[in-house]
Amino acid sequence: GIQVEQSPPDLILQEGANSTLRCNFSDSVNNLQWFHQNPWGQLINLFYIPSGTKQNGRLSATTVATERYSLLYISSSQTTDSGVYFCAGRGSRLTFGEGTQLTVNP
Amino acid sequence: SAVISQKPSRDICQRGTSLTIQCQVDSQVTMMFWYRQQPGQSLTLIATANQGSEATYESGFVIDKFPISRPNLTFSTLTVSNMSPEDSSIYLCSVEPGGTEAFFGQGTRLTVV
Numbered sequence: 001g002i003q004v005e006q007s008p009p010d011l012i013l014q015e016g017a018n019s020t021l022r023c024n025f026s027d028s029v030n031n032l033q034w035f036h037q038n039p040w041g042q043l044i045n046l047f048y049i050p051s052g053t054k055q056n057g058r059l060s061a062t063t064v065a066t067e068r069y070s071l072l073y074i075s076s077s078q079t080t081d082s083g084v085y086f087c088a089g090r091g092s093r094l095t096f097g098e099g100t101q102l103t104v105n106p
Numbered sequence: 107s108a109v110i111s112q113k114p115s116r117d118i119c120q121r122g123t124s125l126t127i128q129c130q131v132d133s134q135v136t137m138m139f140w141y142r143q144q145p146g147q148s149l150t151l152i153a154t155a156n157q158g159s160e161a162t163y164e165s166g167f168v169i170d171k172f173p174i175s176r177p178n179l180t181f182s183t184l185t186v187s188n189m190s191p192e193d194s195s196i197y198l199c200s201v202e203p204g205g206t207e208a209f210f211g212q213g214t215r216l217t218v219v
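Quick mapping for you: the protein sequence lines, in order, are chains A and B. Here the working numbering is used: the first residue of the first sequence is 1, the next is one more, and so on. Here the working numbering is used: the first residue of the second sequence is 107, the next is one more, and so on.
Where hints are given, some of them may not hold.
Label-pair ranges, simulated between beta-carbon atoms [claimed, not checked]:
id: 1; chain 1: B; residue 1: 160; chain 2: A; residue 2: 18; range: 24 to 30 Å
id: 2; chain 1: A; residue 1: 103; chain 2: B; residue 2: 156; range: 37 to 43 Å
id: 3; chain 1: A; residue 1: 9; chain 2: B; residue 2: 191; range: 24 to 30 Å
id: 4; chain 1: A; residue 1: 64; chain 2: B; residue 2: 126; range: 27 to 33 Å
id: 5; chain 1: A; residue 1: 22; chain 2: B; residue 2: 123; range: 39 to 45 Å
To be clear, the hints were calculated from the coordinates, so they are not data collected in a lab. Since the structure is predicted, the reported quantities are computational estimates derived from the model, not experimental observations. The beta-carbon is built from N, C-alpha and C at its ideal position, and this holds for glycine as well.
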C-alpha cells in the first residue's frame, strides 16, 4: 500500500509565526486531503487538493502531484491552530500520515 | 459535502462488555468507512461497509471483534466486542460522497477499564 510521510512530527511556534507542513507519498494518490484534529478528536476538513494551490484565510495548500508531495502553509499562527494536522491520500484505501503535532504558544 | 452524526461521543466501559457506535449520514452513500485511532497514533481503516453486503475488513481486523451493520444507505453501526483496555481508542466513521472528498463523524472516544 501507499506510504505517507509527514514532516515535521512536532512543531512549536510563537503566536504570529508562519509554518510549513509537508506530506510525501510513496506513489501516486487520488483525493489528497489535509485535516486538523482538534483536542476533542474531531477531524476538520481543511483542503481537498489533488493538485494545484488553494487558500482559505490564513491557510493555504499546494500539491505537486507529479512529484508526489503536498505542503500546508499556516500564516500568522494563533493558539487555536494548535492540534494535530494530518494529510491523507487514496490509493486502494484512504491512507493517513502520522501527523504533525502543532503547538502555538501565546 | 456530507454531515455525519456519530454517537456516543465518548464512553467508559468495563472490560468484557461490548459497545455499539452509530453513524447517521444526511445523504445516501454507497460506502461507509470505519477507522480506529489509538492514543497518539494516526487513523487506521477497520472496514468498509456496503449496504446489502458483508463489510470488508482490513488486515488485522475481524468480524467477530468488530461486527458492522449497514441496514440502509444512510446508517451504519460498529460494535466493539468483548472489550479490553487495548481497545481504548477514538473510533470514527467516514463517507466519501461521489468518491472524492472524505468527511468524518465527530468520533467516539472509548475508554475501557
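Given a hint of 37 to 43 Å, does the C-beta separation of residue 103 of chain A and residue 156 of chain B actually sit inside it?
Taking Cβ atoms as reference, residue 103 of chain A and residue 156 of chain B lie about 40 Å apart, which means the hint holds.
With 24 to 30 Å as the target window, see if residue 160 of chain B and residue 18 of chain A comply at their CB atoms.
violated (49 Å)
Is 24 to 30 Å right for how far apart the beta carbons of residue 9 of chain A and residue 191 of chain B are?
Check passed, 26 Å falls within 24 to 30 Å.
Can you tell me whether the CB distance of residue 22 of chain A to residue 123 of chain B sits inside 39 to 45 Å?
42 Å Cβ-Cβ, so the 39 to 45 Å window holds.
Take the C-beta atom of residue 64 of chain A and the C-beta atom of residue 126 of chain B, compute their distance, and say whether it sits inside 27 to 33 Å.
violated (43 Å)
In terms of the numbered hints stated before, the structure departs from hints 1, 4, listed from lowest to highest.
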